[in-house]
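Here's the letter readout for the chains.
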Amino acid sequence: MQKKTISSAIILAITLIFSASLYAHRVNVFAWVEGSKIFIESNFAGGKPVKSGTVLIKNASDQIVFEGVTNENGEAEYQFNQPSDYLITVKAGSGHQGDWKINKHEITGDSEDQMEEVKTDETAEITVSIDNKNLSALLDQKLKSIHGQLKSLRQEIQSNKIRDIISGIGFILGIFGVIAILKSRTKRS
Amino acid sequence: MHISEGVLSMPVLIGGAVIGLAGVAIGLKKIESDQLPKAGIMSAAFFVASFIHVPIGATNIHLTLNGLVGILLGYGAFPVITVGLLLQALLFQFGGLTALGVNSVVIALPPVFLFIILKRFLAPNKDRNLFIISFAFGFLSVLMSTLLMIIALLLTGEAFNTISSIIFALNIPILFIEGAITAFCVTFIAKVKPGLLNV
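As they're listed, the protein sequences go chains Y and H. With our numbering applied, the first sequence covers 1081 to 1269. With our numbering applied, the second sequence covers 232 to 430.
Derived from the structure by calculation, the hints contain no laboratory data. Careful: at least some of the hints might be erroneous.
Simulated crosslink set (DSS-like; lysine-lysine; CA at most 25 Å straight-line) [as the list claims (entries may be wrong)]:
#1 Y:Lys1263 - H:Lys261
#2 Y:Lys1181 - Y:Lys1224
#3 Y:Lys1267 - Y:Lys1083
#4 Y:Lys1267 - H:Lys261
#5 Y:Lys1267 - H:Lys260
#6 Y:Lys1263 - H:Lys260
Bear in mind the structure is a predicted one, so any value in this text is a computation, not a measurement.
If we strip away everything but chain Y, and leave its shape as in the complex, we get (with noise of 0.2 Å):
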């Protein structure tokens, strides 16, 4: 009896270790894109940024086109060429990454922002006729990726109510348990 209860212990105590561990090496992604540049962030699912963290970057042909390190912020940025669907991956060791996508239209619609900007710049009379009637629709197309991320972020906690139902009874099936033991004590003393 005493040694069933030692090895549980210890095999309880060791998938603790192991499930804190894989919690800590979630690497969560964040890239978007500013100018002609992709902005990167990284950091581990509780917060801490993925420092000296592998970046890869590869095209919609699958190509690498950059390969980097992230700072002490977790954070990198690669100036691209040419718009294209990118594939952002970035690695914190031990098998562990995550990546991000960047669509090709969140690129050409900045692109077409700067344009606008340089042309605003020419003639001062024009440049307030132009941003009013353009405001929106550059706001909108901006807009659209955030929509989509916070869309996919919204059916990702809503999924996660299966899991917390099978925690709930988890749960309750481990109080009853533990009234369980107390009672079978009491009964003995």
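Add chain H to chain Y, keeping to what the hints say.
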């Protein structure tokens, strides 16, 4: 029936907590050890029941199953339901944590009360009509729970147009659905594993 955080006044919350604590303590004392696995499963079933939505007309209402818990566990219904409510509050913010006492009393007191009154009708007896008794259990448990909830809100000082709010809160179809589900479950259990019934 899951009253949220910040709705009830302090006296009601404290009163509910005290009664709830007493109910849980009595229930834990009265549960026998061999009933605990059943209690755990019923608590899990109660926990999940709130996610079963029944579309009625324009709204969705959820099952409570407190009648079933009362028939199967008697006094033990109190701790079973309280544990289920606790986890619903923690994981899904279903009902406030400070309101846990009140919510437990609202949902668990009716089945315990009904158990005390109707116990003799549940006893194995050629004349017992298990279907009708358990239907009544399910129906009346939800009915009384709704009334208790309204009382708790009234005591807080909610300006209630009493009659219309009772009619609104008392979702009649769900009463029949709960009664039917309780009845079918209990008659099924009586056929398949009569030892599971608490009598």
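In rising order, the numbers of the hints this structure does not comply with: The structure conflicts with no hint, since it agrees with every one listed earlier.
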